[in-house]
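Chemist: Sequence:
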Amino acid sequence: MGGCLILMCLLGFCGLTFGQGCNRDLLNNWEFQGNDITVLLSPDARHCQYLCTQHPSCQFFSFIRPNSVVDGRFFYCFLKYSASGRPDNQVPKKGFTSGFSLKACNPDPEPCVPQVYQDTDYQSDTYKSFFAANLEDCQRACTNDPYCQFFTFLDRSFENERIRYMCSLKYRLSVPRPLYVRANSVRISGFSQKIRSSPEFDTACEGTLFPNVNLPGDDIEAPVAASPEQCLAFCSAHPRCTHFTYSSGELKCYLKNNPVQMPNKVSQPGVTSGVPVHYCQQNNSWIKEPRVGVEFQDLDIRSFLLTNAAECQKSCTEDSICQFYSYDTTQQLCYLKRIITLPSPSAVRKQPDAISGFSLRLCPKKPNDSGIQEPYNE
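Mature numbering (1 follows the signal peptide of the UniProt record, and there is no 0) puts the sequence shown at residues -19 to -1, 1 to 359.
Just so you know, the hints here were simulated from the structure itself, not pulled from any lab data. Certain hints may be false.
[What the hints assert, rightly or not] No more than 25 angstroms apart at the CA atoms, straight line, and that leaves these computed lysine-lysine pairs for DSS-like:
#1 233 <-> 84
#2 331 <-> 74
#3 269 <-> 295
#4 269 <-> 175
#5 233 <-> 269
[Unchecked claim] If you anchor each label on the Cβ, the simulated ranges turn out as follows:
#6 344 <-> 185: 21 to 31 angstroms
#7 19 <-> 301: 46 to 56 angstroms
#8 141 <-> 273: 54 to 64 angstroms
#9 242 <-> 153: 20 to 30 angstroms
#10 153 <-> 18: 11 to 21 angstroms
#11 269 <-> 163: 14 to 24 angstroms
#12 112 <-> 333: 34 to 44 angstroms
#13 327 <-> 15: 19 to 29 angstroms
#14 117 <-> 72: 19 to 29 angstroms
#15 54 <-> 144: 19 to 29 angstroms
Note that the structure is predicted; figures quoted are calculated from it, not measured. Cβ coordinates follow ideal geometry from the N, Cα and C atoms, glycine included.
I would like the entire structure built from these sequences, with the hints used as guidance.
Modeler: As structure tokens, this is what we get:
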């Protein structure tokens, strides 16, 4: 009899879980086992759900909460996919929270994440640190800094008295970009005309490029890029990037950091170096130019038949979640693509008296009596 009741409960759970359409529910103390695409780090299950929503193929996820006592792992966000669209195996497990992508819910492409996380430290990604009066002051500094995505504040009870009240502003490269690029004579690739590659400013400006010049050393990151102009956009968006070198042979953008001096210029064909623009709007005409003979691989949202690459670019631009595309000229197939652009720390750990959170720049705002913009309370 007891076994029958358990079976009935599980069947009822499955019926609720796999209802068609939008499903925002978070299922506490359940794990969806297997079907993993990738593993990211996230401060909570809702943020993990947003990551799943923005991933091109994620359908459901499982998150290990910081109160888990299962295997010593915390803050892990497992993004998952199956051919059926359903988890192959779901089991009750304390410390886990599972749920589904919000792709069917007409999600906000840039969701607000107003929560702050007690006893949580975003360990890496710091570009600026200073002392702040309190948590609100630290979060306000992050919100008002156009480059800050998230922060960590050490409160007055932090174990190391010398760094109490320390506010660390953080950034991790998350601009729309292909992750895998290769030469392919039958492909034409390009970008949505609506993507934003850097913070927006009122003043327009031009970057500085040095053709056939390498600036060796000082590398901090090396993302894939389709052109020197896109590499300039990456460097301008990154608060630690002081200069860069782009390799057309590798289709790679070497972001560099040396605020003290510029390295000696080395003449080298096939590379372009430059310095970023600061607090102004870079000329983004590079996004209008299709890349003939270049394939942006993987990361497909969907594909369909179209007569030419111009129509493919138009379809990507009109699609609210498409960031870039690749068009197959032989099969006349248009592939719409995207990556996750939600800010997400590269390292998260439990740390008493550390408080972490995100910029409120994307949150609904209202003026308070002091004139400071603050989020609406829900």
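Chemist: A separate judgement is required for each hint: does it hold in the structure or not?
Modeler: Hints versus structure:
For the suggested pair residue 233 and residue 84, the alpha carbons sit about 31 angstroms apart, so the restraint of at most 25 angstroms is broken. Taken as a hint, the residue 331 and residue 74 pair is honoured in the structure, with Cα atoms around 20 angstroms apart against an allowance of 25 angstroms. About 11 angstroms separates the Cα atoms of residue 269 and residue 295, which keeps this hinted pair within 25 angstroms; it holds. The suggested pairing of residue 269 with residue 175 holds, with an alpha-carbon distance near 10 angstroms, which does not exceed 25 angstroms.
As the CA atoms of residue 233 and residue 269 are separated by approximately 20 angstroms, the hinted pair is consistent with the 25 angstroms bound. For the pair residue 344 and residue 185, the beta carbons lie near 27 angstroms from each other, so the given range of 21 to 31 angstroms is met. The supplied range of 46 to 56 angstroms is broken by residue 19 and residue 301, whose beta-carbon atoms lie about 23 angstroms from each other. Checked against the hint of 54 to 64 angstroms, the pair residue 141 and residue 273 passes, with Cβ atoms roughly 56 angstroms apart.
Checked against the hint of 20 to 30 angstroms, the pair residue 242 and residue 153 passes, with Cβ atoms roughly 26 angstroms apart. Range check, residue 153 to residue 18: Cβ separation about 20 angstroms, and the 11 to 21 angstroms hint holds. Against the hinted window of 14 to 24 angstroms, the Cβ-Cβ separation of residue 269 and residue 163 comes to about 22 angstroms, which satisfies the hint. As the Cβ distance of residue 112 to residue 333 is approximately 19 angstroms, the hint placing it in 34 to 44 angstroms is violated.
Judged by the Cβ atoms, the range 19 to 29 angstroms given for residue 327 and residue 15 holds: they are separated by roughly 25 angstroms. The supplied range of 19 to 29 angstroms is broken by residue 117 and residue 72, whose beta-carbon atoms lie about 41 angstroms from each other. For the hinted restraint 19 to 29 angstroms between residue 54 and residue 144, the CB-CB distance of approximately 27 angstroms keeps it satisfied.
Against the hints set out earlier in the document, violations occur for numbers 1, 7, 12 and 14.
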